[in-house]
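Peer 1: Residue strings, one per chain:
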Amino acid sequence: MESRFRVLFLAVALIALSGCAATKGLFGLGGNESAPPPAEAPEPEQIIDPRVERREIKEPAIDAEDFEVGAFVGIMSIEDFGSDVVYGARIAYHITEGFFVEGSVGRTEAGLTSFEVLSGGAPLLSDSDRELTYYNLNLGYNILPGEVFIGESRAYNTNLYVIAGLGSTRFAGDDRFTVNFGAGYRFLLTDSVALHIDFRDHLFDIDLLGEEKTVHNLEGHLRVTVFF
Amino acid sequence: MSERNITITPSTSRSTKPPWLTVLVLMLSQTFTTGLAEAADEYRTVSVADPYLELRTGPGRGYPKFYVVNRGETVEIIVRKTDWFKVRAPNGKEGWVDRDQMELTLQPGGQEIKFAQADQEDFTNARWEAGVMAGDFGGANIISLYGGYSLNPNVSIEVWGSQILGNFSNGWMGSVNLTHETWPDWRISPFFTMGTGVIHTEPKSTIIQGEDRTDQIAHVGAGFRFYATRRFTLRAEYKSYVVFTSRDENEEVEEWKVGFAFFF
Chain A
886 MESRFRVLFL
896 AVALIALSGC
906 AATKGLFGLG
916 GNESAPPPAE
926 APEPEQIIDP
936 RVERREIKEP
946 AIDAEDFEVG
956 AFVGIMSIED
966 FGSDVVYGAR
976 IAYHITEGFF
986 VEGSVGRTEA
996 GLTSFEVLSG
1006 GAPLLSDSDR
1016 ELTYYNLNLG
1026 YNILPGEVFI
1036 GESRAYNTNL
1046 YVIAGLGSTR
1056 FAGDDRFTVN
1066 FGAGYRFLLT
1076 DSVALHIDFR
1086 DHLFDIDLLG
1096 EEKTVHNLEG
1106 HLRVTVFF
Chain B
69 MSERNITITP
79 STSRSTKPPW
89 LTVLVLMLSQ
99 TFTTGLAEAA
109 DEYRTVSVAD
119 PYLELRTGPG
129 RGYPKFYVVN
139 RGETVEIIVR
149 KTDWFKVRAP
159 NGKEGWVDRD
169 QMELTLQPGG
179 QEIKFAQADQ
189 EDFTNARWEA
199 GVMAGDFGGA
209 NIISLYGGYS
219 LNPNVSIEVW
229 GSQILGNFSN
239 GWMGSVNLTH
249 ETWPDWRISP
259 FFTMGTGVIH
269 TEPKSTIIQG
279 EDRTDQIAHV
289 GAGFRFYATR
299 RFTLRAEYKS
309 YVVFTSRDEN
319 EEVEEWKVGF
329 AFFF
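Keeping their order, the protein sequence lines are chains A and B.
Its first residue numbered 886, the first sequence is counted upward by one per residue in the working numbering.
Its first residue numbered 69, the second sequence is counted upward by one per residue in the working numbering.
Keep in mind that the hints were calculated from the coordinates and are not lab data.
Being a predicted model, the structure only gives us computed values, none of them experimental.
Each hint should be verified, as a subset may be incorrect.
Chain B side only, calculated, beta carbon under 10 Å to chain A, not exhaustive [what the hints assert, rightly or not]:
#	residue
1	126
2	211
3	214
Just so you know, even glycine gets a beta-carbon here, dropped at the ideal spot from N, CA and C.
Hey, can you work out the whole structure from these sequences and the hints?
Peer 2: Here it is in structure tokens:
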């Protein structure tokens, strides 16, 4: 224990020292900033003000639409507990034309297991434990950008994308670490409004029915999003 | 210089604004774009200085080029998505142009145009950073969100919130820490960190014994930030925690995490 604290304080001392300009110079890490500027004769009066000739000017006020926010509704199946309506919201930030990050929250409700229906006995879960809510944070990639044509004169941009990420699911009284992955199709009605069809698999471990097992919970939904 | 150009603010005066103000102004300008559209028009019309400007049907490398605007003609910029600009040619044709080509156009006064693009210098000097990390916390899974503020390029203060998801217990943790980057101008920038906070643990509902606990924690750690692209960085770190429990012995927990962050 004591030796661990000693290491801790040594580490702190090192941090403090490494930031100090004197040590930086001592170890030759300071680079060019340590050398004092050579003494010179006083400069002649400046005739040309360089600011007048500056060519880099204010960036035009352009509407940048890299954020995408939307709401979804669909069907989610909870393994052993049947399927029900799922709804939620999602926000994405487009980093490049290929990559985006997104966060989402969703909510659905578990039905009865086959066992509960057949035995007619006491339910496995209370009503509040039957609610399933999840959140996740994902990285996405537009794997197949493209265009679709409706009729002769209409063209729409589309993207087929894949996503994967981590999150947590609250179900049956506990928070459960959840991995999710899937794919979706983005159909841009205009530059600012898009429709999505999305399929996801949410995987988490559960020991509710005896032994611990990893369950797959499939979700499919429709989503409307707005870019801003 | 024409009279119109006097209204254009030089970039030097812009950089003296605090970054949060710039962010606020940017957000407001996005919210009220429609209202300000007319006022902004003069900045959004540019003339083509390169022999030609190629318009594509979509904002991506693979979309086909369908129209060319010639040198000397003007185009109006409608919207930007990542590094792509949608422009309208004088005859009404609309298409997408990438940033590199757009920079070869001129503003109304004849000046070259530069579009803000975060680079490695911003990575070193940016004041704010926010990110998401995930990893292993003493055998349990951990998901963390954090926000940081740089006091100078070397030192920053960070606030963390984490959810811990284990086999036997769940919980959350909140902490404040001080981070020191020795060489912030490196693309892979190593850092040391130390801090304190609280951890709350509750046993899983399928485990009968055990009760909820809230304890104080302290930690030291090290890691590195890696400048990826635009405002985007990757980060990996190790932290060693001491949990000051109410029992006789303190607990020690090791944590490994990787994640990504944005600076602004």
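Peer 1: Hint by hint, note whether the structure agrees.
Peer 2: We went through each hint and held it up to the structure:
1. Checking residue 126/B against chain A by beta carbon gives a least distance of about 4 Å; that is within 10 Å, so the hint holds.
2. Taken as an interface hint, residue 211/B checks out: its beta carbon lies about 6 Å from the nearest beta carbon of chain A, inside 10 Å.
3. Annotation: interface hint on residue 214/B violated; nearest CB of chain A at approximately 13 Å, more than 10 Å.
The structure fails to meet hint 3 from the earlier list, while all remaining hints are met.
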